[in-house]
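Asks: In case you want the letters, here they are:
Number of protein chains: 2
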Amino acid sequence: MCAMRQADDNMTNDTMHEDGTGKSAGYPGKADNVVYIGKKPTMNYVLAVVTQFNSGMQEVTIKARGNSISRAVDVKEIVTNRFFPDLKEKSIRTSSEELINEDGTKSKVSAIQITLARPN
Amino acid sequence: MCAMRQADDNMTNDTMHEDGTGKSAGYPGKADNVVYIGKKPTMNYVLAVVTQFNSGMQEVTIKARGNSISRAVDVKEIVTNRFFPDLKEKSIRTSSEELINEDGTKSKVSAIQITLARPN
Numbered sequence: 001m002c003a004m005r006q007a008d009d010n011m012t013n014d015t016m017h018e019d020g021t022g023k024s025a026g027y028p029g030k031a032d033n034v035v036y037i038g039k040k041p042t043m044n045y046v047l048a049v050v051t052q053f054n055s056g057m058q059e060v061t062i063k064a065r066g067n068s069i070s071r072a073v074d075v076k077e078i079v080t081n082r083f084f085p086d087l088k089e090k091s092i093r094t095s096s097e098e099l100i101n102e103d104g105t106k107s108k109v110s111a112i113q114i115t116l117a118r119p120n
Numbered sequence: 001m002c003a004m005r006q007a008d009d010n011m012t013n014d015t016m017h018e019d020g021t022g023k024s025a026g027y028p029g030k031a032d033n034v035v036y037i038g039k040k041p042t043m044n045y046v047l048a049v050v051t052q053f054n055s056g057m058q059e060v061t062i063k064a065r066g067n068s069i070s071r072a073v074d075v076k077e078i079v080t081n082r083f084f085p086d087l088k089e090k091s092i093r094t095s096s097e098e099l100i101n102e103d104g105t106k107s108k109v110s111a112i113q114i115t116l117a118r119p120n
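Chains R and X, in that order, are what the protein sequence lines are. With our numbering as the guide, the letters of the first sequence map in order to residues 1 to 120. With our numbering as the guide, the letters of the second sequence map in order to residues 1 to 120.
Bear in mind the hints are in silico, worked out from the structure with no lab data behind them. Do not rely on the hints blindly, as some may be mistaken.
To be verified - Below are the EDC-like pairs computed for lysine to aspartate or glutamate, each with C-alpha atoms no more than 20 angstroms apart in a straight line:
#, chain 1, residue 1, chain 2, residue 2
1, X, K90, R, E89
2, R, K90, X, E89
3, R, K88, R, E59
Working from the sequences, and respecting the hints, build out all of it.
Replies: Here it is as structure tokens:
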């Protein structure tokens, strides 16, 4: 399974803004209420999620691939335990994505998608 | 959030068997159909899950804490994509667990619990 680990190292964060919100191209169908988790400190992404909810979003989705998946779960736990205890966990989904490495070989990497929603 | 990362480094795998199945003390309510993900190669844990299903289990739960969470998702993806495409994802739950470090301080670590089930 080295390939899978390796794929993660080849990932670039060039589609990601400073605060973790994706606003440029790279992911299809991206919206403002998606926070992409990368290799920055966890609290950066926690702040991004909290900011989204404070700006009136009903739902925020946290997405991560490869080794960042653990950090995505950390972000979800910190946001729901410390900042918004009333948030509902709408869904947690996992998937596999295929990446093309620099040398042209393909490798699969796991991904997670956690959607949090305000209570109705 | 250094504390959370640090907690993971302090984790020991002494409650885990070679194949990732937990059969000794440490986790409350543990059963044979639980595979605990540690720092071994991903395929060790994939094999553990596959073995459980082949031995007749209807459900297998994959559990991980801290940095191993990403590996737990890898295991789930490999088992469902490559070995048992018919398996149902019964639940994915995340939680926070409190650990006591060697110096007596407490730190929180995220955990994940993925339950896969045979189709009815």
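Asks: When you check the alpha-carbon spacing of X/K90 and R/E89, does it fall within 20 angstroms?
Replies: Answer holds: X/K90 to R/E89 is near 16 angstroms, not above 20 angstroms.
Asks: Given the hint that R/K90 pairs with X/E89, test it: the Cα-Cα distance must not exceed 20 angstroms.
Replies: holds (16 angstroms)
Asks: R/K88 and R/E59: Cα distance at most 20 angstroms?
Replies: Holds: R/K88 and R/E59 sit about 9 angstroms apart, inside 20 angstroms.
In terms of the numbered hints stated before, the structure departs from none.
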